[in-house]
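Position 106 of the sequence shown, counting from 1, maps to 106 under UniProt numbering, and the rest follow consecutively.
Honestly, I wouldn't trust all of these hints.
As the list claims (entries may be wrong) - Here are the simulated distance ranges between beta carbons: (1) Trp42 - Glu64: 27 to 35 Å; (2) Arg24 - Lys60: 23 to 31 Å; (3) Val75 - Ser8: 40 to 48 Å.
Since the hints were derived computationally from the structure, they do not count as laboratory data. All C-beta atoms in this analysis are idealised placements derived from N, C-alpha and C, irrespective of residue type, glycine included.
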Amino acid sequence: MKFYKRISKNTCVRLYPIGVRKRRNGKFCAEIKHPLNKKMIWLGTFVTVEDVLKNYESKKRRFEELVMAKSAKNVQISEKSDQESCVTDEFEEKSSMSVDEITNTSNGVEESDE
1 MKFYKRISKN TCVRLYPIGV RKRRNGKFCA EIKHPLNKKM IWLGTFVTVE
51 DVLKNYESKK RRFEELVMAK SAKNVQISEK SDQESCVTDE FEEKSSMSVD
101 EITNTSNGVE ESDE
(Lines of atoms letter the chains of each structure in order from A; the text may use other names.)
(Lines give C-alpha, C1' and ligand atoms only; values in the text may rest on other atoms or scores of the structure.)
Protein backbone atom coordinates (compact mmCIF):
# COMPACT_ATOMS: atom_id res chain seq x y z
CA MET A 1 0.00 0.00 0.00
CA LYS A 2 1.21 3.45 -0.84
CA PHE A 3 1.17 6.16 1.77
CA TYR A 4 3.45 8.49 -0.17
CA LYS A 5 3.40 9.82 -3.70
CA ARG A 6 6.75 10.34 -5.37
CA ILE A 7 6.95 13.77 -7.00
CA SER A 8 10.55 13.57 -8.13
CA LYS A 9 13.51 11.30 -7.58
CA ASN A 10 14.23 12.67 -4.09
CA THR A 11 10.85 14.10 -3.05
CA CYS A 12 7.77 12.34 -1.69
CA VAL A 13 4.45 13.77 -0.55
CA ARG A 14 2.24 12.18 2.07
CA LEU A 15 -1.11 11.15 0.59
CA TYR A 16 -3.02 11.00 3.88
CA PRO A 17 -2.68 12.80 7.21
CA ILE A 18 -0.51 11.33 9.96
CA GLY A 19 -2.19 8.37 11.61
CA VAL A 20 -4.48 7.71 8.62
CA ARG A 21 -4.15 4.89 6.12
CA LYS A 22 -6.27 3.52 3.34
CA ARG A 23 -7.43 -0.08 3.45
CA ARG A 24 -7.79 -2.41 0.48
CA ASN A 25 -11.57 -2.00 0.52
CA GLY A 26 -11.19 1.77 0.00
CA LYS A 27 -12.10 2.81 3.54
CA PHE A 28 -9.80 4.79 5.78
CA CYS A 29 -8.70 3.84 9.27
CA ALA A 30 -7.13 6.10 11.86
CA GLU A 31 -4.99 5.83 14.97
CA ILE A 32 -3.51 8.44 17.26
CA LYS A 33 -0.78 8.15 19.87
CA HIS A 34 -1.77 8.90 23.46
CA PRO A 35 0.61 11.64 24.68
CA LEU A 36 0.98 10.39 28.25
CA ASN A 37 1.10 6.60 28.09
CA LYS A 38 2.45 6.50 24.49
CA LYS A 39 0.00 3.82 23.31
CA MET A 40 -1.81 3.88 19.99
CA ILE A 41 -5.54 4.63 20.29
CA TRP A 42 -7.82 3.23 17.58
CA LEU A 43 -10.12 5.94 16.23
CA GLY A 44 -12.04 3.73 13.85
CA THR A 45 -12.74 3.04 10.19
CA PHE A 46 -14.27 5.77 8.04
CA VAL A 47 -15.60 6.12 4.51
CA THR A 48 -13.97 9.46 3.67
CA VAL A 49 -10.79 11.27 4.63
CA GLU A 50 -12.89 14.23 5.82
CA ASP A 51 -14.59 12.05 8.44
CA VAL A 52 -11.21 10.81 9.58
CA LEU A 53 -9.87 14.35 9.86
CA LYS A 54 -12.82 15.52 11.99
CA ASN A 55 -12.42 12.63 14.39
CA TYR A 56 -8.62 12.87 14.48
CA GLU A 57 -8.63 16.63 15.13
CA SER A 58 -11.20 16.38 17.94
CA LYS A 59 -9.20 13.63 19.65
CA LYS A 60 -5.99 15.59 19.14
CA ARG A 61 -7.55 18.66 20.82
CA ARG A 62 -8.63 16.52 23.78
CA PHE A 63 -5.11 15.17 24.15
CA GLU A 64 -3.63 18.68 23.94
CA GLU A 65 -6.01 19.83 26.69
CA LEU A 66 -5.00 16.82 28.76
CA VAL A 67 -1.30 17.61 28.33
CA MET A 68 -1.87 21.29 29.16
CA ALA A 69 -3.84 20.38 32.28
CA LYS A 70 -1.09 18.03 33.40
CA SER A 71 1.63 20.61 32.78
CA ALA A 72 -0.39 23.28 34.63
CA LYS A 73 -0.76 20.88 37.54
CA ASN A 74 3.01 20.26 37.53
CA VAL A 75 3.69 24.01 37.49
CA GLN A 76 1.37 24.55 40.47
CA ILE A 77 3.07 21.73 42.36
CA SER A 78 6.53 23.15 41.64
CA GLU A 79 5.40 26.64 42.71
CA LYS A 80 4.06 25.22 45.98
CA SER A 81 7.30 23.34 46.59
CA ASP A 82 9.29 26.52 45.88
CA GLN A 83 7.19 28.44 48.40
CA GLU A 84 7.56 25.67 50.96
CA SER A 85 11.33 25.59 50.45
CA CYS A 86 11.50 29.38 50.98
CA VAL A 87 9.57 29.05 54.24
CA THR A 88 11.78 26.15 55.31
CA ASP A 89 14.93 28.15 54.49
CA GLU A 90 13.72 31.05 56.64
CA PHE A 91 12.92 28.67 59.50
CA GLU A 92 16.32 27.00 59.23
CA GLU A 93 18.02 30.40 59.18
CA LYS A 94 16.21 31.47 62.36
CA SER A 95 16.83 28.15 64.06
CA SER A 96 20.55 28.33 63.29
CA MET A 97 20.91 31.65 65.15
CA SER A 98 22.16 31.41 68.70
CA VAL A 99 20.02 32.40 71.65
CA ASP A 100 22.12 35.55 72.22
CA GLU A 101 21.53 36.71 68.64
CA ILE A 102 17.78 36.22 68.95
CA THR A 103 17.38 37.91 72.36
CA ASN A 104 19.84 40.75 71.72
CA THR A 105 17.81 43.77 70.63
CA SER A 106 20.58 46.34 70.87
CA ASN A 107 21.43 46.04 67.17
CA GLY A 108 25.15 45.70 67.80
CA VAL A 109 25.41 48.65 70.22
CA GLU A 110 26.62 47.67 73.64
CA GLU A 111 25.39 49.57 76.67
CA SER A 112 27.72 50.37 79.51
CA ASP A 113 26.69 50.34 83.18
CA GLU A 114 28.26 53.53 84.58
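Pairwise beta carbon distance, tryptophan 42 to glutamate 64, judged against the given window 27 to 35 Å: At roughly 19 Å between Cβ atoms, glutamate 64 and tryptophan 42 fall outside 27 to 35 Å, so the hint is violated.
Valine 75 versus serine 8 beta-carbon gap, inside 40 to 48 Å or not: holds, 46 Å
Assessment of proposed distance window 23 to 31 Å (beta carbons of arginine 24, lysine 60): holds, 26 Å
Comparing the model with each numbered hint stated earlier shows that hint 1 is the single one that does not hold.
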